[in-house]
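J.: Residue strings, one per chain:
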Amino acid sequence: MLLSTALAMPPLEQALSEELDRAMSGLKLPDAPKPYLIAYDLLDGDVVTSQSSFGRLVSLEDEDFRTLRAEVRVGSYQVDSSNFSAFGEPDGIVSRRLPVEDNVLALRREVWLATDAAYKAAVQQLSRKLAARQGEEESKRSTDYTPAPPVVGELASLPALPAVDSAALTNLTDVLSRELRAFPELEVGDVLARIWQGRRLLLSSEGSRLWRNTGFVVVRVEGVVRLADGTRHRNLRSWVVRTMADLPPLAEMQAEVRGLGSWLSGMKDAPLEEDYLGPVLFEQGAAVELFSQLLPSEIVGTPPTEEEPDDSSVISRRAPTARLGRRLLPVGWTVVDDPTTSLPVMGAYDRDQEGVAPRVVELIHDGVLRDLLMSRIPSRDRSESTGHGRSLSNDRRGAMPGVLTVSPPHSLSEVALRRRALRLAAQVGRPYVLVVRAMEPPAMIEDFDVAITGDSPLPGLTFPTEVYRLYRDGKMEPVRSMEFVGVDRRVLRDIDRAGPVVGPVDMLDGPPGPERFQIGAVGGLGVTWTVPSVLITELELVGRRGGEPRLLKLPGLD
Amino acid sequence: MLSLLFALPLSLPPETSEVPTEPLSDLQSALGAAMAQLQRLPDPPYYLAYAVTETDQLTLQGTNGSFAGNERSRGRVVDIDLRVGSMKLDNTHKIRDAAWFSEPERPGVRAPIADDPALLRNLLLRYTDDVYRSALRQLIKVRSNDVVKVEREDLSDDFSVATPVQDVVALPPLSVDEDAWKATLRQVSAIYLQYPAVQDSAVEITVQQERRWLVSNEGARIADGRNHLRLATWGTAIAADGMEVQVYDYVDGPSLEKMPDPKAIEAMVHGVAQRVTALLSAPLVEPYDGPAILRGRAAGVFFHEIFGHRIEGHRQKDEDEGQTFTSRVGQAILPTFLSVYDDPTLQNVGTVDLNGTYRYDDEGVPAQRVPLVEHGVLRNFLMGRAPVANFPTSNGHARRQPGFAPVPRQGNLLIQAETSVPYSKLREMLIVEIRKQKKPFGLIFDDISGGFTFTGRSTPNAFSVQPVTVWKVFADGRPDQLVRGVDLIGTPLTTFSRILAAGDDPEVFNGMCGAESGWVPVSAIAPSLLIQQVEVQRQDKMSDRPPLLPPPGVR
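Protein sequence lines, in the order shown, are assigned to chains A and B. 1 is the number of the first residue of the first sequence in the working numbering; add one for each residue after it. 1 is the number of the first residue of the second sequence in the working numbering; add one for each residue after it.
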């Protein structure tokens, strides 16, 4: 009698496992080190992306998705082939599409080729790294990788995945975008949505063999109106949830989209705020964007990759911006990241992409950075992973936030916060204060400038999409498109007061750095933020012009 | 740079039908609404055309005995072609000595897949507004450029009159039995496992249906389309010297009935695998000049690249172009035994369907058979509606990939030899030539994977084509030897002057051609050609070692 089928290894796991064993025992170039670690990260699922415009489907993509990320490391945990970048050169990470059927031999052939390519690239990368270090004094560098105990999770133990219903997604984008037909002023009335449901297998030579469910549903709504003077005004709405069942009731989403259309339609009478210098109140989604755009690079401890020596380069050198002991927020503020939360939020998880269980990290205490989010890539300040190793596709597994809570020492009510804001405005002679309620998420930017400051390029802020003048009589008047001038993390120290809590808000984001602006509108990893509304003492915003008035009168859609 | 590609980005809904005419009415209505408003403006366009192209595509792939996956896509692309000024001088006129980024941006517009007249009209008017304002700005620059610069070498107009066509062309329905094809792909792709030398491989079928609706303010009203299928297979391996060996074979056709049956696909796969295996151990060729034969498909690609792109009409008036043949009309440019035509109306040669067949070009002009070279003498150019000196009208060759502005392109290029010899005789003539030139060997180019050519003045007017299968032929009777690692290079006039003879064995090359107006399907039909002297250079190659471990399952 042979082994019962119940004990058989899933074919995907079998294919990866057999190739892992073969590679660890046999991969060896002459006069070059063998791999000391191989890790396979496999994504296996379905992805459907639907886009509709004013109630009609524009595109639909539906594919079976099975992709392997093969990472090979040579050297040792102390010094290995990772954390080094040479322009245009491959490193030890290779992605490859795998056949969607469970044919072990066909799967193994793809894994074989990916592992071979990753190993060769890793050997070259290590030599480039050692060459770059040649002549250095006794290195004060941290080690390259932190060992971690193996972790096991069986496929059979996972709950069933929800079905991916492309017809339901298409219907959703059609129905939501149809709401925007009622607003003839709109030039763009698009809804883009994606379902991604699948499984992830981490298999490594350290002994990890971890199956997990993964996926998300994202819905993005975009409306654009062109005002009489030609200025374009854009506004957005997003939902990010785990499954279709987690979306709000359809009627609620439709109402939100109608609200967006109505808001944009009303922009035709909005005044232009040419040049503003004064206090700014960040409410609702804008408060979340303020923190989520400025804080991550200050709280992630993953060191930048080493590079080849280049004395001529002044600003392209990557310097870590996260610095323990740096004041990031006013006295009394705390920031905690807790992916272990039992809340059903997008940023929560039980194992990061490196198989490490996350821990709660109090990052900022009393306004000062006291701890860092870490992956298994250590820094001089921190050697242990905090279980935050997550990245996109072929990127190295640096750390990124999970479930962040920003807490002020005291909070004012919305009324009190607004009163305080008006008082600050009056101090600088303004009869109103600007309130920013929504900003473009990095995934949805059309155009963006980063702030270049003394210590490195720092993220600025994306364009606000909803800005109001708040007058002393409580009147809120929307103003036309604006942009921030000269913003970097330092503005967070200028927070004057905090208001009501916003969140938890789920979003899709990327690791800190330029990559987060390249994740696309329906890509990224789940992150959750809970923040207060905040009043910043002084910010500069200018009105955005551009565009030409329409020469042709556009016909209505009905 | 202009280049040829064999492989389509490979991927239809299960059901398709004849080209419906509703979008034509919707486009016509939108065009009427736009023109009514535009004509009230100070500088109204004199020409406005709308086209919507719908593409449905399905690709199914198999690899190593497994179904590897599928890709489906469906979408509609809108093209707005608008001209302000006059036929004599309009916004499309090339600005001389301009920076590359001064070209006006063409908006990429996607239309809803389902018919929605109101939404389509709104979309078209919005983008027509953008295109019109951009055209006005461009016309100002064009007029200024014409005054500031010296007189143009070619004073022909920017646009010509064409009789508007109204036609609805039926398109046969397509439906694919996906399960049956998956089974076939599993079965045939497993054959590669019998060939340990082949490292990576696939077999796939792409089924594409394209439907187009075009209207203009001149009264053009066309609904037509194209079905295209490709069964393709490839195998790759890395040779011991680091060179990647890739062999690609395919069959194109307009219907499933024209695709090979499983037995024929099996034969294709065996053929590819055997060629990969043989090429891995084939010796490299050193740089060489001497006599050679280009077999039919290779000769077709050769003519497409070296000749075809140089007789595209717009290149004759563009002062940045090398204009190899502009002033050679009426002169001999090829041996007297060769004539060249481009005939998009030709549907097949023998049993082989042609890729470059169409009834109307992308300016709505009926495709015409164009005698380009007769008895070696240049007679004509491929023309769209932009005239060239002495060639004032279109011959229906303005083509584009949806989303691009149309320019004259090749369709089905036919190279015909009035005197020809059987291939065996041509081979004997090659050996005679080897001896006459006292060369150690000659070359036979069996197949070519693609190529490119530079036609501009700022770069040498050279070409490079990438052969897949090259044979050394020895004058002393030794068997032919398969070799690898060379590209066929040269310059056009010199090479054409050295064509000595042609075979009686015309073959069809079907492929995709990329140039300014995007990728368009083309064919080239040519006999084998004996060339007195060709030059080959070492092929670019990687230096990767072959995989260190044997393939899984092989001990």
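Because the hints were derived from the structure by calculation, they are not lab data. None of the values given here were measured: they were computed from a predicted structure. Careful, some of the hints might be misleading.
[Claimed, not checked] The list that follows gives simulated cross-link-like pairs (lysine to any residue, SDA-like), each with its CA atoms no further than 25 angstroms apart:
no., chain 1, residue 1, chain 2, residue 2
1, B, Lys436, B, Ser420
2, B, Lys541, A, Lys268
3, B, Lys141, A, Ser166
4, A, Lys553, B, Gly219
5, B, Lys541, A, Gln14
6, A, Lys28, B, Ile80
7, B, Lys182, A, Glu61
8, A, Lys268, B, Asp130
9, A, Lys34, B, Lys436
10, B, Lys541, A, Gln124
11, A, Lys553, B, Asp249
12, A, Lys28, B, Ser420
13, A, Lys553, B, Ser420
14, B, Lys541, A, Arg96
15, B, Lys541, B, Asp241
16, A, Lys28, B, Met542
17, A, Lys28, B, Leu280
18, A, Lys34, A, Ser166
19, A, Lys553, B, Lys541
20, A, Lys34, B, Asp130
21, B, Lys182, A, Gln14
22, A, Lys28, B, Pro550
23, A, Lys28, A, Glu136
24, A, Lys268, B, Ala118
25, B, Lys94, B, Lys541
26, A, Lys553, B, Ala239
27, A, Lys34, B, Gln331
28, A, Lys34, B, Ser420
29, B, Lys472, B, Asp130
30, A, Lys28, B, Lys436
31, A, Lys34, B, Val77
32, A, Lys34, B, Pro550
33, A, Lys553, B, Pro44
34, A, Lys28, B, Asp249
35, A, Lys553, B, Arg133
36, B, Lys182, A, Ser166
J.: Work down the list of hints and note, for each, if the structure agrees.
T.: Results of checking the hints against the structure:
no.: 1; hint: B:Lys436 x B:Ser420; in the structure: holds (21 angstroms)
no.: 2; hint: B:Lys541 x A:Lys268; in the structure: violated (60 angstroms)
no.: 3; hint: B:Lys141 x A:Ser166; in the structure: violated (48 angstroms)
no.: 4; hint: A:Lys553 x B:Gly219; in the structure: holds (23 angstroms)
no.: 5; hint: B:Lys541 x A:Gln14; in the structure: violated (35 angstroms)
no.: 6; hint: A:Lys28 x B:Ile80; in the structure: violated (58 angstroms)
no.: 7; hint: B:Lys182 x A:Glu61; in the structure: holds (20 angstroms)
no.: 8; hint: A:Lys268 x B:Asp130; in the structure: holds (20 angstroms)
no.: 9; hint: A:Lys34 x B:Lys436; in the structure: violated (57 angstroms)
no.: 10; hint: B:Lys541 x A:Gln124; in the structure: holds (18 angstroms)
no.: 11; hint: A:Lys553 x B:Asp249; in the structure: violated (53 angstroms)
no.: 12; hint: A:Lys28 x B:Ser420; in the structure: violated (57 angstroms)
no.: 13; hint: A:Lys553 x B:Ser420; in the structure: violated (64 angstroms)
no.: 14; hint: B:Lys541 x A:Arg96; in the structure: holds (22 angstroms)
no.: 15; hint: B:Lys541 x B:Asp241; in the structure: holds (9 angstroms)
no.: 16; hint: A:Lys28 x B:Met542; in the structure: holds (20 angstroms)
no.: 17; hint: A:Lys28 x B:Leu280; in the structure: holds (23 angstroms)
no.: 18; hint: A:Lys34 x A:Ser166; in the structure: violated (45 angstroms)
no.: 19; hint: A:Lys553 x B:Lys541; in the structure: violated (57 angstroms)
no.: 20; hint: A:Lys34 x B:Asp130; in the structure: violated (59 angstroms)
no.: 21; hint: B:Lys182 x A:Gln14; in the structure: holds (24 angstroms)
no.: 22; hint: A:Lys28 x B:Pro550; in the structure: holds (13 angstroms)
no.: 23; hint: A:Lys28 x A:Glu136; in the structure: violated (29 angstroms)
no.: 24; hint: A:Lys268 x B:Ala118; in the structure: holds (23 angstroms)
no.: 25; hint: B:Lys94 x B:Lys541; in the structure: violated (38 angstroms)
no.: 26; hint: A:Lys553 x B:Ala239; in the structure: violated (64 angstroms)
no.: 27; hint: A:Lys34 x B:Gln331; in the structure: violated (67 angstroms)
no.: 28; hint: A:Lys34 x B:Ser420; in the structure: violated (61 angstroms)
no.: 29; hint: B:Lys472 x B:Asp130; in the structure: violated (58 angstroms)
no.: 30; hint: A:Lys28 x B:Lys436; in the structure: violated (52 angstroms)
no.: 31; hint: A:Lys34 x B:Val77; in the structure: violated (51 angstroms)
no.: 32; hint: A:Lys34 x B:Pro550; in the structure: holds (17 angstroms)
no.: 33; hint: A:Lys553 x B:Pro44; in the structure: holds (15 angstroms)
no.: 34; hint: A:Lys28 x B:Asp249; in the structure: violated (35 angstroms)
no.: 35; hint: A:Lys553 x B:Arg133; in the structure: holds (14 angstroms)
no.: 36; hint: B:Lys182 x A:Ser166; in the structure: holds (22 angstroms)
Hint compliance for this structure: hints 2, 3, 5, 6, 9, 11, 12, 13, 18, 19, 20, 23, 25, 26, 27, 28, 29, 30, 31, 34 are not met, and every other hint is.
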